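> Chain by chain, the residues run as shown.
There are 2 protein chains.
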Amino acid sequence: MAKGLPTRQEDYSAWYNELVKKADLAENSAVKGCMVIKPYGYAIWEKMQAQLDKMFKETGHSNAYFPLFVPKSFLEKEEQHAEGFAKECAVVTHYRLKANPDKKGALMVDESAKLEEELIVRPTSETVIWSAYKGWVNSYRDLPLLINQWANVVRWEMRTRIFLRTTEFLWQEGHTAHATKAEAVAETEQMLEVYADFAEQFMAVPVIKGIKTAAERFAGADETYCIEALMQDGKALQAGTSHFLGQNFAKSFDVTFTSKENKVEYVWGTSWGVSTRLMGALIMCHSDDEGLVLPPKLAPIQVVIVPIFKTSEQLLEIKNKIEPIKKQLLKKGISVKFDDRDTQSPGYKFAEWELKGVPVRVAIGARDIQNNTIEIVRRDTKEKKVYSMEIVENIVSDIENLLNEIQENIYQIALKRRENLITNVDTYEEFKKVLEEKTGFIYAHYDGTTETEERIKEETKATVRCIPLDNPQENGVCMVTGKPSTQRVMFAKAY
Amino acid sequence: MAKGLPTRQEDYSAWYNELVKKADLAENSAVKGCMVIKPYGYAIWEKMQAQLDKMFKETGHSNAYFPLFVPKSFLEKEEQHAEGFAKECAVVTHYRLKANPDKKGALMVDESAKLEEELIVRPTSETVIWSAYKGWVNSYRDLPLLINQWANVVRWEMRTRIFLRTTEFLWQEGHTAHATKAEAVAETEQMLEVYADFAEQFMAVPVIKGIKTAAERFAGADETYCIEALMQDGKALQAGTSHFLGQNFAKSFDVTFTSKENKVEYVWGTSWGVSTRLMGALIMCHSDDEGLVLPPKLAPIQVVIVPIFKTSEQLLEIKNKIEPIKKQLLKKGISVKFDDRDTQSPGYKFAEWELKGVPVRVAIGARDIQNNTIEIVRRDTKEKKVYSMEIVENIVSDIENLLNEIQENIYQIALKRRENLITNVDTYEEFKKVLEEKTGFIYAHYDGTTETEERIKEETKATVRCIPLDNPQENGVCMVTGKPSTQRVMFAKAY
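Residue numbers (this note's numbering), protein chains in the order written: chain A, 1 to 495; chain B, 1 to 495.
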């Protein structure tokens with residue numbers, strides 16, 4: 001193991017694919033476009049879930065669960081939404097298989113079990129949820145509804161990439177209903193902040209908060225807010241979106257309420273989501289040619305202890321020596337693995353845990369026992385340092401500090417990389433040149449039309465990632481059409 | 001609210017349906033047979049999940065995630081399994097909708113987007129998971145695989161009932177692979193114990209552990225273990241199953257390993273699951289004509305505090321008085337709600353929290369402030385008692401003890417009820433009489449054939465729930481055929 005990982009320089013894309021596989025995060029399944037998330041990968045996702053769930057609850061949201069299936073007629077109710085989601089979806093048409101009379105052991109669709117109305121496997125749940133909300137809302141007293149769902153969704157993708165774009169993926173989708181537009185907008189913005197905080201403080205991935213152009217907006221939303229991250233290869237990755245839905249779904253599903261002033265009004269809505277795509281962002285933002293680099297706050301194993309021993313007596317001695325340290329680390333909520341396998345060499349183990357991105361590696365051998373020391377290697381910088389084991393409390397707080405340092409350091413590295421990859425350009429020529437040679441986020445003027453946006457996309461594969469929040473206003477001219485513009489927007493090639 | 005709940009005596013079935021609805025646990029969705037689990041119901045399920053997940057991890061299992069879709073050909077590989085699951089399933093045949101040219105705004109299946117092979121929405125994941133395990137297992141060193149998945153599954157049910165039998169439901173499914181038969185059997189039994197512990201210690205639902213007859217066995221298993229609970233109406237409810245799969249799926253999916261002795265052998269498997277059906281068991285086992293009765297260990301709100309006030313000054317005084325108690329309860333991990341709504345009367349609130357099954361209700365008014373007392377009502381017995389607030393620590397530990405008492409009391413009530421509803425019968429006449437007049441678990445001799453079992457089921461609607469573990473052996477004759485029998489088995493009508 002650990003061997004055979006291509007370098008990022010050689011082939012960034014192959015590096016990513018191999019890393020996902022070799023670090024035991026996930027694999028492609030026999031079902032086209034669907035992935036299997038393996039235990040080590042899932043453990044990272046569980047840590048993400050737990051933290052996000054906490055943040056959702058702290059902002060007043062509750063979890064609920066809505067059906068997997070969307071009746072075809074529901075999709076038809078919101079025109080934009082149907083346009084956006086009906087094109088790539090899994091359609092359930094029958095509810096029974098039967099034995100194939102022509103082939104022993106084979107099954108076939110039972111044509112007599114055809115559904116009257118086809119069911120779509122949810123690509124997102126606005127329609128199903130707003131159909132339920134109709135029964136839940138009568139008066140302003142029933143509002144706001146602040147609900148989140150953890151679920152699987154399916155979008156029939158032609159080209160898939162593990163974690164980044166898969167036919168089935170896991171996500172959370174928040175769906176809220178409010179009495180006023182101002183409240184719904186505030187909710188949309190609040191959840192964008194929650195996502196940005198999570199990305200930066202837990203994933204250690206810096207993000208740009210902004211608003212999508214009409215062309216990139218969620219189908220059925222009045223406004224889509226997003227957070228955009230930058231990967232090591234200079235490509236952007238949309239890491240989360242928060243949509244202000246206006247009264248669109250309330251109107252499609254006839255969700256009204258009686259206001260304090262005794263008037264019947266349509267409800268205002270939002271929806272917001274992040275998905276297992278975040279796993280892709282996490283991997284691509286920090287990892288190196290030796291393997292994963294995980295932020296300590298999301299690492300399933302934060303500290304691995306590798307004993308270096310020849311005999312079982314030596315192992316026992318090391319175990320006894322390390323036990324108080326391990327115990328105190330666990331007590332502080334730090335996850336520790338003591339890797340005492342006797343089937344693998346220390347060198348193999350070092351490479352394996354490096355590949356799997358464990359932030360702190362502790363090694364201890366016979367000489368360390370003599371000297372009362374241990375060797376600690378941090379995964380991010382690979383720096384090696386020998387520590388005294390004299391005082392257990394000290395070594396424990398050293399490790400704790402080191403974890404915090406790593407968390408901060410990998411964030412700073414990603415931030416600096418991004419700062420270096422932000423470029424202002426004034427001409428289309430310069431735009432193309434930077435896009436090809438330097439890559440990254442490019443701030444440029446354009447005339448704000450979907451037409452020009454599409455032309456740029458066709459010609460360069462770059463899209464408007466967002467109009468950053470609090471974007472400085474400045475007069476300029478569109479780099480393509482020369483028409484006037486009042487602000488630069490952020491372009492990039494994206495995953 | 002709270003009004004209009006039928007009594008159990010009047011109509012047990014209507015009582016259950018109305019209770020689920022009025023207590024805001026769940027509702028039927030617009031999608032036939034699928035339910036919406038509402039926030040209050042989902043909060044109970046989250047508590048169940050958290051505890052079960054902890055127990056799975058403590059017994060060495062990790063979570064992972066496998067695809068929603070099962071290719072038709074996978075189902076065909078295990079004959080028994082196909083027989084059991086292909087008959088009621090959601091079949092995905094197409095991957096695109098398109099605009100209906102004959103009807104503006106309408107969508108239709110795009111016939112050009114027909115799948116080469118149909119996909120089944122998983123009714124259970126043995127086939128998909130064993131297909132993955134083939135790639136994960138080579139040597140005895142790769143075993144055991146101890147994996148669990150939290151997921152949604154779909155079984156096309158004709159008659160559905162919220163929580164008890166729904167087309168889509170949520171569950172966990174453990175799937176393990178072992179080098180030896182003994183290990184796999186031990187795992188099957190261990191997980192049955194985990195389920196029994198969870199049911200009894202957390203749900204406060206006593207269960208009988210046993211083995212299913214061949215007729216009731218999981219399709220594809222060599223042996224199915226189960227836990228069976230008894231509801232208040234004397235009907236049984238299967239609350240969890242643990243299957244010893246033998247080498248069946250290993251053979252169907254060609255999963256072999258090289259043993260320590262360097263021989264290539266098939267892997268041994270188990271699978272085990274519990275679902276949102278447990279919610280039904282929880283509701284039906286403990287609740288009464290006033291509403292839900294929740295075991296404190298699974299109640300989303302364990303203590304509700306209802307202030308009785310006329311003015312905002314009075315409310316403030318109560319708030320200040322109760323704050324230290326609330327804080328200390330929270331510190332002990334007890335969930336507390338302070339219900340200071342000014343839109344509802346205390347009486348309304350009492351009825352609402354009674355309906356929602358909150359174990360402990362605290363009321364405090366102006367007179368209590370004067371006397372330095374509070375009134376505490378326990379949900380299970382409805383007993384009311386006045387406590388001194390002199391010493392905060394005392395009142396907090398009184399409440400803590402009360403929660404433990406309630407947990408134990410509702411278990412004991414359910415246990416006694418069950419003891420009274422266990423009957424040994426010797427003749428078929430007696431069997432039918434007890435089944436109709438007394439109901440409950442009936443222990444009787446039968447000849448052990450599927451034929452007789454089916455006859456009993458047809459004639460009485462009772463099934464063999466299980467052969468209890470450690471069942472006493474005694475000679476007898478089948479109550480139907482008069483053939484010899486070596487043990488009584490447990491019959492009941494079941495949900």
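Note that these hints are calculated values from the structure, not bench results.
For clarity, every value in this text was computed on a predicted model and none was experimentally measured.
Misleading hints may appear alongside valid ones.
One copy or two, it doesn't matter: identical chains are merged, so the pair holds either way.
Stated by the list, open to error - Within a straight-line C-alpha distance of at most 30 Å, the following computed DSSO-like cross-link-like pairs (lysine-lysine) qualify:
1) Lys251 / Lys22
2) Lys310 / Lys32
3) Lys297 / Lys457
4) Lys321 / Lys77
5) Lys114 / Lys260
6) Lys319 / Lys104
7) Lys433 / Lys382
8) Lys47 / Lys337
9) Lys134 / Lys297
10) Lys326 / Lys349
11) Lys32 / Lys297
12) Lys493 / Lys332
13) Lys104 / Lys251
14) Lys337 / Lys134
15) Lys319 / Lys260
16) Lys457 / Lys493
17) Lys332 / Lys57
18) Lys384 / Lys331
19) Lys98 / Lys77
20) Lys337 / Lys54
21) Lys384 / Lys349
22) Lys385 / Lys337
23) Lys32 / Lys114
24) Lys251 / Lys21
25) Lys319 / Lys382
26) Lys57 / Lys22
27) Lys331 / Lys47
> Taking the hints in turn, state whether each one holds.
Hint by hint, here is what the structure shows:
Taking the shortest Cα distances, Lys251 and Lys22 sit within 30 Å of each other only across copies (27 Å), while inside one copy they are farther apart (49 Å). In this assembly of identical chains, Lys310 and Lys32 lie within 30 Å of each other by CA distance neither inside one copy nor across copies; the values are 47 Å within and 64 Å between. Taking identical chains as interchangeable, the C-alpha atoms of Lys297 and Lys457 are never at most 30 Å apart, the minima being 37 Å within one chain and 56 Å between chains. Proximity of Lys321 to Lys77 under the C-alpha cut-off of 30 Å is found in neither arrangement, the shortest distances being 67 Å within a copy and 53 Å between copies.
For the homomeric pair Lys114 and Lys260, neither the shortest alpha-carbon distance inside one copy (48 Å) nor that between copies (52 Å) is at most 30 Å. Proximity of Lys319 to Lys104 under the C-alpha cut-off of 30 Å is found in neither arrangement, the shortest distances being 59 Å within a copy and 73 Å between copies. When the C-alpha separation of Lys433 and Lys382 is checked against a cutoff of 30 Å, the pair qualifies neither within a copy, at 35 Å, nor between copies, at 77 Å. For the identical chains of this complex, Lys47 and Lys337 are neighbours both inside a copy (17 Å) and across copies (28 Å), given an alpha-carbon limit of 30 Å.
Neither within a single protomer nor between protomers do Lys134 and Lys297 lie at most 30 Å apart by alpha-carbon distance, with minima of 40 Å and 33 Å respectively. Only within a single protomer do Lys326 and Lys349 lie at most 30 Å apart by alpha-carbon distance; the minimum there is 18 Å, versus 49 Å between protomers. Within a single copy, Lys32 and Lys297 get their C-alpha atoms no closer than 33 Å, and across copies no closer than 42 Å, so neither meets the 30 Å cut-off. Taking CA atoms no more than 30 Å apart as the test, Lys493 paired with Lys332 passes in neither setting, with 42 Å inside one copy and 51 Å between copies.
Proximity of Lys104 and Lys251 under a CA criterion of 30 Å is satisfied inter-copy only: 18 Å between copies versus 52 Å inside one chain copy. In this assembly of identical chains, the alpha carbons of Lys337 and Lys134 lie at most 30 Å apart only when taken from different copies (27 Å versus 50 Å within one copy). For the identical chains of this complex, Lys319 and Lys260 are inter-copy neighbours only, at 27 Å across copies versus 68 Å inside a copy, given an alpha-carbon limit of 30 Å. For a Cα distance limit of 30 Å, the shortest separation of Lys457 from Lys493 inside one copy, 9 Å, qualifies, whereas the shortest one across copies, 65 Å, does not.
For a Cα distance limit of 30 Å, the shortest separation of Lys332 from Lys57 qualifies both inside one copy, at 24 Å, and across copies, at 19 Å. Proximity of Lys384 and Lys331 under a CA criterion of 30 Å is satisfied intra-copy only: 25 Å inside one chain copy versus 41 Å between copies. In this assembly of identical chains, Lys98 and Lys77 lie within 30 Å of each other by CA distance solely across copies; the values are 14 Å between and 34 Å within a copy. In the homo-oligomer, the alpha carbons of Lys337 and Lys54 lie at most 30 Å apart both inside one protomer (26 Å) and across protomers (18 Å), since each shortest distance falls under that limit.
Proximity of Lys384 and Lys349 under a CA criterion of 30 Å is satisfied intra-copy only: 16 Å inside one chain copy versus 62 Å between copies. Taking identical chains as interchangeable, the C-alpha atoms of Lys385 and Lys337 lie at most 30 Å apart only when both belong to the same chain, with a minimum of 20 Å there against 50 Å between chains. With identical chains, the CA atoms of Lys32 and Lys114 are at most 30 Å apart both within one copy (25 Å) and between copies (14 Å). Taking CA atoms no more than 30 Å apart as the test, Lys251 paired with Lys21 passes between copies only; the shortest distance there is 26 Å, against 46 Å inside one copy.
In the homo-oligomer, the alpha carbons of Lys319 and Lys382 lie at most 30 Å apart inside one protomer (25 Å), although the nearest pairing across protomers, at 55 Å, exceeds that limit. With identical chains, the CA atoms of Lys57 and Lys22 are at most 30 Å apart between copies only, with a shortest distance of 24 Å across copies and 35 Å within one. For the homomeric pair Lys331 and Lys47, the shortest alpha-carbon distances inside one copy (18 Å) and between copies (24 Å) are both at most 30 Å.
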